[in-house]
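These protein sequence lines map, in sequence, to chains B and S.
First residue of the first sequence: 1, per our numbering; consecutive thereafter.
First residue of the second sequence: 1, per our numbering; consecutive thereafter.
Calculated directly from the structure, the hints in this document are not laboratory data.
Among these hints, one or two may not hold up.
To be verified - In silico lysine to any residue, SDA-like type, Cα no more than 25 Å apart, as pairs: (1) S:Lys41 to B:His49; (2) S:Lys40 to B:Pro111; (3) S:Lys41 to B:Tyr32; (4) S:Lys41 to B:Glu45; (5) S:Lys41 to B:Pro40; (6) B:Lys3 to S:Thr96.
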Amino acid sequence: DAKTTQPNSMESNEEEPVHLPCNHSTISGTDYIHWYRQLPSQGPEYVIHGLTSNVNNRMASLAIAEDRKSSTLILHRATLRDAAVYYCILRDGTSGSRLTFGEGTQLTVNP
Amino acid sequence: DTEVTQTPKHLVMGMTNKKSLKCEQHMGHRAMYWYKQKAKKPPELMFVYSYEKLSINESVPSRFSPECPNSSLLNLHLHALQPEDSALYLCASSWTGGEAFFGQGTRLTVV
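Construct the entire structure; sequences and hints are all you get.
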């Protein structure tokens, strides 16, 4: 599986935008970029995914570099509820079955 | 219904016991997963079932035995576990390649 690299931790202030980076220089053409987050004492939660184009949903936006070797998850207005570990994962769109977590980024949101 | 339900929520078992973890989903997903998560670590993939057949076993010891009796149910049978197997066990389901939905997990303690 192609590997992703994320910062161990990031901090943000409440109601400010947050940009969470992810590097995936060995991404293959069939890999989708998925983001999940895990709040304390809960199972992971799907956030967003994309292949080549930028994606928006009610939770976040995903900006994908033109060469697809990096991506950024954007939380437009952080709330205290967004404090979590955020995982960037490459998922093969052909076999589609493996979903492998890396170390993730611990996001702290300050009031 | 977008829930993955795991039972029990907590389990304490002795090293000579046999127990089972249960996972259920009614979203029509044909891929189901078992993960193991230790404290402050990312979830580790254990098994993947695709269309009720085991498609991935991540070299998991045989004291963990998965079973997928039908498309909605996934079991993990536990036998002769070690204290180091104490962890949060997470179940997930998805359409092939799509977003995965996770349960809240079973917190297992082996004594």
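Hints and how they fare:
1. S:Lys41 to B:His49: Status holds; Cα separation ~22 Å.
2. S:Lys40 to B:Pro111: OK: S:Lys40 and B:Pro111 at ~24 Å, within 25 Å.
3. S:Lys41 to B:Tyr32: 23 Å, holds
4. S:Lys41 to B:Glu45: Measuring from Cα to Cα gives roughly 16 Å; hence the hint holds.
5. S:Lys41 to B:Pro40: 12 Å, holds
6. B:Lys3 to S:Thr96: The hint holds at about 20 Å.
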